[in-house]
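*Asks:* Going line by line, the protein sequences match chains L and B. Under our numbering, the first residue of the first sequence is numbered 1, with each subsequent residue one higher. Under our numbering, the first residue of the second sequence is numbered 1001, with each subsequent residue one higher.
Simulated from the structure, these hints should not be mistaken for lab results. Using N, Cα and C, we set each Cβ at its ideal position, and we do this for glycine too. Please note that a few of the clues may not be correct.
To be verified - Derived lysine to any residue pairs resembling SDA-like cross-links, with alpha carbons at most 20 Å apart:
(1) 1169(B) to 199(L)
(2) 20(L) to 1167(B)
(3) 1169(B) to 157(L)
(4) 71(L) to 1110(B)
(5) 1169(B) to 99(L)
(6) 1127(B) to 99(L)
(7) 71(L) to 1106(B)
(8) 1036(B) to 1155(B)
(9) 1169(B) to 149(L)
(10) 1095(B) to 1105(B)
(11) 1127(B) to 1060(B)
(12) 200(L) to 1168(B)
(13) 1094(B) to 1167(B)
(14) 1169(B) to 71(L)
(15) 1158(B) to 1139(B)
(16) 1169(B) to 198(L)
(17) 1169(B) to 194(L)
(18) 1127(B) to 106(L)
(19) 20(L) to 1170(B)
(20) 1169(B) to 204(L)
(21) 1127(B) to 72(L)
(22) 1169(B) to 196(L)
(23) 1127(B) to 102(L)
(24) 71(L) to 1095(B)
(25) 1158(B) to 1177(B)
(26) 200(L) to 1170(B)
(27) 1169(B) to 102(L)
(28) 1158(B) to 1035(B)
(29) 1169(B) to 197(L)
(30) 1169(B) to 94(L)
Claimed, not checked - Where chain L lies over chain B, by a calculated footprint (3+ residues, C-beta under 8 Å):
(31) 1020-1031
(32) 1112-1125
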Amino acid sequence: MPIIEDHTITADTFLSGIWKENPVFVMLLGMCPVLAVTNSVINALAMGLATTFVLLCSSTLVSLLRNFIPKEVRIATYIVIIATFVTITDYVIQAISLELYNALGAFIQLIVANCMILGRAEAYASKNRLLKTLTNSLGMGIGFTIALLSLGIVRELLGNGSLLGFSMFGEAFQPWVVMILPPGGFIVLGAWLLLFNWIKERNAALTLANERGTS
Amino acid sequence: MSPDSVSFIFLNAFLINNFVLAMFLGLCPFLGVSGKLNTAWSMGLATSFVMLISSLSAFFINELLVYFQIEFLRLICYIAVIASAVQLVEMTMKKFSPTLFRALGIFLPLITTNCAILGLALFQTFKEYDFAQSLAYSTGAGAGFILAIVLMAGLREKLELADLPNTSKGAAISLMLAGILSLIFMGFAGLGS
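The shape of chain L in the complex, shown without the other chains:
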């Protein structure tokens, strides 16, 4: 049976990963690195870029090979492809900055187990042409990085009183140490989700009020 493919690339292909289907805030995928490495902005940025790189490379390869991979062993194939690119990233980061490598620790290698990347390979790259897959993956990667940054900024600002290592509040600021520690990660992400729920609810209420007003 031929698979009907829709090749048109719209702005939505790119933008869906950033807002409507944001991997972290909407789909709750790949949570482990999101919470574990966002205790400072620089770690969050590095993790976001590394994940985006692996996502782009692996979905390129999966998309190119989508007609050759037997259906029965597809998950195993995707995992091996992802693991290859993660190994490359791991060695590259180690070569560029040993300090960053030590700060991120095992979490670079744990990108393999990031369900967002496998999910993209399974749900998107295996069904779409190269260009469309790339556009979508880029959007997803950027969305993931934005989510990591939005957590990293809040946690570093409150937990350390600094941003990218520069002190922001002066000497008198008493840092909220709990924000850098594990509980802070859960609580900040929970607070972001609350905020998004609130915005969504308010928008729905506004549209409802407008409809009533016009009719």
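Here the structure of chain L is known, so what remains is to put chain B in place on it, guided by the hints.
*Replies:* Below, chain B alone, put in the same frame as chain L:
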């Protein structure tokens, strides 16, 4: 207790550095399957069983890799072993308990992408544990995972009856709960020193 003793390693993985609540590993099943107490319990058991198998295999594989000096293949080997272990658990469960198999649904194959298991294998390699230490580390981590997911499921079952504002329903309140649980687990920090 010395930090290298088997009992301390077990305690460390179980409570002090709990895999879920202090090291953020295995959050997908922790948030996804913790809705009901008995599914959470069996998910915890399945995960810790896979942890035990893959940790032991990872130990021997690492010996081999170091012997042949091909450590760069470590990640690929580990993930392949984990995927096969998960397949084994899945087939066993399908044969002996089809109800449970259906209840766990998509989360059973997803144990493969559970970072707690890969994390366990990687951490024990980085820390250069010997065989007994690896065994203690993996049982501790498995027990810790069960503890965390069962606690969370118990809390969420109570939450069903609570009167919540609509805005905070779903993932947001679960994350807040996890944050509070994690705060409680920080109290174990000085234990055993």
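*Asks:* Evaluate each hint against the coordinates.
*Replies:* Hints, one by one, checked against the model:
1. Between residue 1169(B) and residue 199(L) the CA atoms are separated by roughly 14 Å; this keeps the pair inside 20 Å, and the hint holds.
2. Restraint check: the Cα-Cα separation between residue 20(L) and residue 1167(B) comes to about 18 Å, which is no more than 20 Å; the hinted pair holds.
3. Proximity of residue 1169(B) to residue 157(L) is assessed by CA-CA distance (about 28 Å); at most 20 Å being required, the pair is judged violated.
4. For the suggested pair residue 71(L) and residue 1110(B), the alpha carbons sit about 17 Å apart, so the restraint of at most 20 Å is met.
5. Of the supplied pair hints, the one linking residue 1169(B) and residue 99(L) is violated, its CA atoms being roughly 40 Å apart against a limit of 20 Å.
6. For the given pair, residue 1127(B) sits about 19 Å from residue 99(L) by alpha-carbon distance, which is consistent with the 20 Å threshold.
7. A distance of roughly 17 Å separates the Cα atoms of residue 71(L) and residue 1106(B); the hinted pair therefore holds under the 20 Å criterion.
8. Among the hinted pairs, residue 1036(B) with residue 1155(B) is consistent with the structure: their alpha-carbon atoms are about 10 Å apart, no more than 20 Å.
9. Among the hinted pairs, residue 1169(B) with residue 149(L) is inconsistent with the structure: their alpha-carbon atoms are about 25 Å apart, more than 20 Å.
10. Pair hint residue 1095(B) plus residue 1105(B) holds up; C-alpha atoms about 15 Å apart against a cutoff of 20 Å.
11. Simply put, residue 1127(B) and residue 1060(B) have alpha-carbon atoms about 15 Å apart, close enough for the 20 Å limit, and the pair holds.
12. For a cut-off of 20 Å, the pair hint linking residue 200(L) to residue 1168(B) stands: about 12 Å separates their Cα positions.
13. Taking the CA atoms of residue 1094(B) and residue 1167(B), the gap is near 39 Å; set against the 20 Å cutoff, the hint is violated.
14. Only pairs whose Cα atoms come within 20 Å are accepted, and residue 1169(B) paired with residue 71(L) is rejected, the gap being roughly 38 Å.
15. Distance hint between residue 1158(B) and residue 1139(B) is unfulfilled; the C-alpha atoms sit about 29 Å from each other, more than 20 Å.
16. This hinted pair checks out: residue 1169(B) and residue 198(L) have alpha carbons roughly 11 Å apart, not beyond 20 Å.
17. The hinted pair formed by residue 1169(B) and residue 194(L) meets the criterion: a straight-line CA distance of about 9 Å does not exceed 20 Å.
18. Taken as a hint, the residue 1127(B) and residue 106(L) pair is honoured in the structure, with Cα atoms around 11 Å apart against an allowance of 20 Å.
19. Taking the CA atoms of residue 20(L) and residue 1170(B), the gap is about 18 Å. The hint holds against a cut of 20 Å.
20. Only pairs whose Cα atoms come within 20 Å are accepted, and residue 1169(B) paired with residue 204(L) is accepted, the gap being roughly 16 Å.
21. Restraint check: the Cα-Cα separation between residue 1127(B) and residue 72(L) comes to about 36 Å, which exceeds 20 Å; the hinted pair is violated.
22. As the CA atoms of residue 1169(B) and residue 196(L) are separated by approximately 12 Å, the hinted pair is consistent with the 20 Å bound.
23. Distance hint between residue 1127(B) and residue 102(L) is fulfilled; the C-alpha atoms sit about 14 Å from each other, no more than 20 Å.
24. Distance restraint check for residue 71(L) and residue 1095(B): the Cα-Cα separation of roughly 23 Å exceeds the 20 Å cut-off, and the hinted pair is therefore not satisfied.
25. About 12 Å separates the Cα atoms of residue 1158(B) and residue 1177(B), which keeps this hinted pair within 20 Å; it holds.
26. With a CA separation close to 14 Å, the supplied pair residue 200(L) and residue 1170(B) stays within the 20 Å bound.
27. For the hint pairing residue 1169(B) with residue 102(L), the CA-to-CA distance comes to about 38 Å; that exceeds 20 Å, so the pair is violated.
28. At most 20 Å may separate the alpha-carbon atoms for a hinted pair to count; residue 1158(B) and residue 1035(B) meet this at roughly 10 Å.
29. The straight-line distance between the Cα atoms of residue 1169(B) and residue 197(L) is roughly 9 Å, inside the 20 Å bound, and the hint therefore holds.
30. Between residue 1169(B) and residue 94(L) the CA atoms are separated by roughly 42 Å; this puts the pair beyond 20 Å, and the hint is violated.
31. Only residues whose C-beta sits within less than 8 Å of a C-beta in chain L count toward coverage, and the region 1020-1031 of chain B has 9 of them, enough to reach three; the restraint holds.
32. Counting residues of the region 1112-1125 of chain B whose C-beta lies closer than 8 Å to any C-beta of chain L gives 9; at least three are required, and the coverage claim holds.
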